[in-house]
Amino acid sequence: NAGVTQTPKFRVLKTGQSMTLLCAQDMNHEYMYWYRQDPGMGLRLIHYSVGEGTTAKGEVPDGYNVSRLKKQNFLLGLESAAPSQTSVYFCASSYSIYEQFFGPGTRLTVL
Amino acid sequence: QQPVQSPQAVILREGEDAVINCSSSKALYSVHWYRQKHGEAPVFLMILLKGGEQKGHDKISASFNEKKQQSSLYLTASQLSYSGTYFCGTEAGTDKLIFGTGTRLQVFP
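Going down the list, the protein sequences come from chains A and B. So the first sequence is numbered by my numbering: it starts at -4 and just counts up by one. So the second sequence is numbered by my numbering: it starts at 218 and just counts up by one.
Certain hints may be false.
Unchecked claim - For lysine to any residue, the following SDA-like pairs were computed, each having C-alpha atoms within a straight-line distance of at most 25 Å:
1. Lys313/B x Asn23/A
2. Lys243/B x Ala51/A
3. Lys66/A x Lys243/B
4. Lys65/A x Asp33/A
These aren't lab readings, by the way, just hints derived from the structure by calculation. These numbers were taken from a predicted model, which means no experiment stands behind them.
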């Protein structure tokens, strides 16, 4: 089993560009999450999903959109990237509100 | 609102003990603890459910005081492998975790 995978691992964007981060899990988990991690800020929840076709806002949703069209995939979109979105992005999945399994992360730099 | 973790950083020698605290202003259903090593993803350590239980994982244990909305992580006889940043995640019946800002633990020989 691959667990949770994230694509891409690294990305550099210019201000105003758009991109999509892909998270995939093969554990048949219902719950999936997107976090961003910045120095000194810990992990902050952007959006999450408790099942296929559902999404909900987390602590810091502004500037991001998500979609969960398939149970195993959770997409995070940035429509118009800003330097403040420079961060490490982690995806996680879980069976209900229990142990979360994290992907390896995507390091995004917005110039 | 993020839970508050203390201390922000701890430096230990191998074999010493440490306690990391996590405090929330909300009524909690559960508290989760994770460890993240530098450059890696967070890894689950344990979950404590409402009821004041205490759990253990090798020489790492934790307690949850639901009345005070506080949890503590106890690291006993620390090992080099314990180094990393520890995060508590609090859950208030909303299907999501809110993580604290982390406690950086460094263990030296």
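How the hints compare with the structure:
no., hint, in the structure
1, Lys313/B x Asn23/A, "holds (18 Å)"
2, Lys243/B x Ala51/A, "holds (20 Å)"
3, Lys66/A x Lys243/B, "violated (31 Å)"
4, Lys65/A x Asp33/A, "violated (29 Å)"
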